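There are 2 protein chains.
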Amino acid sequence: MTTAALTTEELLITTTLKSWEQWVGRTSQFFDSLSDEQMLTEIAPGKNRPVYLLGHLLVVNDAIIPQLRLGEPNHADLRETFLDQPDRSDAKLPPLAELRQNWKDLNVRLTTLFAQLTPVEWLERHALVSEEDFAKEPHRNRLAIFLSRVSHTAYHLGQLRLQPK
Amino acid sequence: MTTAALTTEELLITTTLKSWEQWVGRTSQFFDSLSDEQMLTEIAPGKNRPVYLLGHLLVVNDAIIPQLRLGEPNHADLRETFLDQPDRSDAKLPPLAELRQNWKDLNVRLTTLFAQLTPVEWLERHALVSEEDFAKEPHRNRLAIFLSRVSHTAYHLGQLRLQPK
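Quick mapping for you: the protein sequence lines, in order, are chains A and B. Using the numbering used here, the first residue of the first sequence is number 1, and each one after it goes up by one. Using the numbering used here, the first residue of the second sequence is number 1, and each one after it goes up by one.
For the record, the hints were derived by calculation from the structure and aren't laboratory data. As the structure is a prediction and not an experimental result, all values here were calculated from the model. Check each hint, because a few of them may be wrong.
[Said to hold, decoys possible] With beta-carbon atoms standing in for the labels, derived distance ranges:
no., chain 1, residue 1, chain 2, residue 2, range
1, A, 85, B, 118, 45 to 51 angstroms
2, B, 118, A, 5, 16 to 22 angstroms
3, A, 95, B, 69, 46 to 52 angstroms
4, B, 98, A, 108, 46 to 52 angstroms
[What the hints assert, rightly or not] Below 30 angstroms or equal to it, Euclidean Cα-Cα: the simulated DSSO-like pairs (lysine-lysine) are:
no., chain 1, residue 1, chain 2, residue 2
5, B, 47, A, 165
6, B, 165, B, 47
7, B, 136, A, 18
Built from N, CA and C at the ideal position, the CB exists for glycine as well.
Model the full structure from these sequences, guided by the hints.
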């Protein structure tokens, strides 16, 4: 994207979207760097395994789509395993290769959706706030959800990077 | 701040500044919840102690001030200990009470500085990019530094929360 002719509003959004690329990109690189065995090894004694955090980030970022009122999520069926339940060594998980591919596919879908929103559309209501509350609190908009999920991804990347290699 | 009469640009910035409050606020609460003894206990075997992460976040967030070209940092003298060097149990650290107070004072200073910038000023060059490069890459602006430091704070909060309590 050329940024030469952007308005102030557009450049604010362009800059903000780059933070998604940056943190999700780093997180993807980190997952790619782990062998399947490492994916199944706790990041610290008694703590989550990377496979759980991959599924967790997949579910949380997938949920951005309905939260931004942009369509249906792809992975609502994984919420129970990766959001409602903690990690457990005896949990029945989807095949690792499938989770890895789902993560890549989700990121393509999200990047496409994000690029379609105008600055004014970014400031529209997100789905977790009522129209009544939004009228009083206009900062509870799509951009707020987006920013929260970027830092949530960074939060778990920090944990992933603690794993002994 | 009332948001009723804000322009699109202003509401984009207001929304973004709330992500600072959110993540730095959570991180402050977490540090406040730790006893001095817990601050000196590794978050996981062989990993950083919370006291080191407090100093590290203090130094990195303090450096935002010159990076945004808004003044001199307060804690350049701590860079060696908390940025250039890794955590070491025999490192000579400032008193914990002093670090805790510095963190609170810095957050007051940063919040005040951030609130003074207009949307157009947020899109001005940051100090880590040359004027020549910035002309070609206008997304390397103050907002980009800000967003990076929000998620960097979240990154380390994720690690801090792993500590057994």
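- Query: For the pair supplied as a hint, residue 165 of chain B and residue 47 of chain B, is the alpha-carbon distance within the 30 angstroms limit?
  - Reply: Holds: residue 165 of chain B and residue 47 of chain B sit about 16 angstroms apart, inside 30 angstroms.
- Query: Within a Cα-Cα threshold of 30 angstroms, do residue 136 of chain B and residue 18 of chain A meet the stated pairing?
  - Reply: Roughly 16 angstroms separates the two Cα atoms, so the pair holds.
- Task: With respect to the beta-carbon atoms only, verify the hint that residue 95 of chain A and residue 69 of chain B lie 46 to 52 angstroms apart.
- Result: 50 angstroms, holds
- Given hint residue 165 of chain A paired with residue 47 of chain B - CA-CA distance at most 30 angstroms: 13 angstroms, holds
- Task: Look at the Cβ atoms of residue 85 of chain A and residue 118 of chain B and judge whether their distance stays inside 45 to 51 angstroms.
- Result: 46 angstroms, holds
- Query: Cβ-Cβ distance between residue 98 of chain B and residue 108 of chain A: within 46 to 52 angstroms?
  - Reply: Because 48 angstroms falls inside the window, the suggested range holds.
- Kindly confirm whether 16 to 22 angstroms is satisfied by the beta carbon distance between residue 118 of chain B and residue 5 of chain A. 21 angstroms, holds
Consistency note: the structure conflicts with none of the earlier hints.
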